Amino acid sequence: MKRLLLSFIFLMSLCFADENSGFFIGVETGFSKGVFVDKDNLTISKLDENGDYVFDKIKDISNDSAFKFGYRFSKMHRIYTSIGYGKRFNVNSRVITPTNTGTRDYTYKSKTFSLDFALGYDFTPSLTQSIKGLLGFYGGYSSFNMQNQDLVIRQNSIDSYIYKSIASGFLYGLKAGFILDLSINNEIELSARYTQRRYKQALLNPDELAFKPTTKDLGIYLGYAYKF
1 MKRLLLSFIF
11 LMSLCFADEN
21 SGFFIGVETG
31 FSKGVFVDKD
41 NLTISKLDEN
51 GDYVFDKIKD
61 ISNDSAFKFG
71 YRFSKMHRIY
81 TSIGYGKRFN
91 VNSRVITPTN
101 TGTRDYTYKS
111 KTFSLDFALG
121 YDFTPSLTQS
131 IKGLLGFYGG
141 YSSFNMQNQD
151 LVIRQNSIDS
161 YIYKSIASGF
171 LYGLKAGFIL
181 DLSINNEIEL
191 SARYTQRRYK
201 QALLNPDELA
211 FKPTTKDLGI
221 YLGYAYKF
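Everything in the sequence shown is counted per my numbering, starting at 1 for the first residue and increasing by one.
Everything labelled a hint here was simulated from the structure, so no lab data went into it. Here the structure is a predicted model, which means the values were calculated and not measured. Where a beta carbon is used, it is the ideal one built from N, C-alpha and C, also for glycine. Hints should not be assumed to be uniformly reliable.
To be verified - The following label-pair restraints were derived from C-beta to C-beta distances:
#1 Ile-96 - Ile-166: 48 to 54 angstroms
#2 Asn-50 - Leu-115: 33 to 39 angstroms
#3 Asn-41 - Ser-160: 21 to 27 angstroms
#4 Ile-96 - Pro-206: 26 to 32 angstroms
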């Protein structure tokens, strides 16, 4: 029985063996145009001329970087796992309004970033001897971190408020592009990607204000991989 099992494993390895198979590690970075929506409408996009909050969609340029580790089954198929960090959006808004005792200087700042843990699959058919096509999809877990700061300066007082929160959720996306083989062990990748992140409701502390974020990003990414 033991010999039969070993023989089966050996035969399966021969069936799936490929001169282009093996492990790889890589890094990637890119920029995307992002849209942020708060389902509970508690995220401030700006201040109006009276210093009052305005709730709206937030659009900003996002920057993402990731480390990935994967395995190539053949020239055309590979899977990988990745760990990524991304700046989702920054908001800075300031309004100075007159009051009965002088002026009120009101500043609002919001910074956010995400941590992503994803699994992905890529279809990489050969187009030329050194260029492959790239079609893939990915999905996984995402953590959304937000920090808001309100600063109000009046004639006789300065009030500062800081709100922090971490929301958890999931991400999924699609990508398409090209892979250029630089050598047997080195390749670079250029792709366009669409990624959506959906998060569960979280609380902005210390006032425990609820919010439920969703982000949508479309961008261009450049990557490098070393093939073992």
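Hints, one by one, checked against the model:
{"no.": "1", "hint": "Ile-96 - Ile-166: 48 to 54 angstroms", "in the structure": "33 angstroms, violated"}
{"no.": "2", "hint": "Asn-50 - Leu-115: 33 to 39 angstroms", "in the structure": "37 angstroms, holds"}
{"no.": "3", "hint": "Asn-41 - Ser-160: 21 to 27 angstroms", "in the structure": "24 angstroms, holds"}
{"no.": "4", "hint": "Ile-96 - Pro-206: 26 to 32 angstroms", "in the structure": "27 angstroms, holds"}
Taken one by one, the earlier hints fail for this structure only at number 1.
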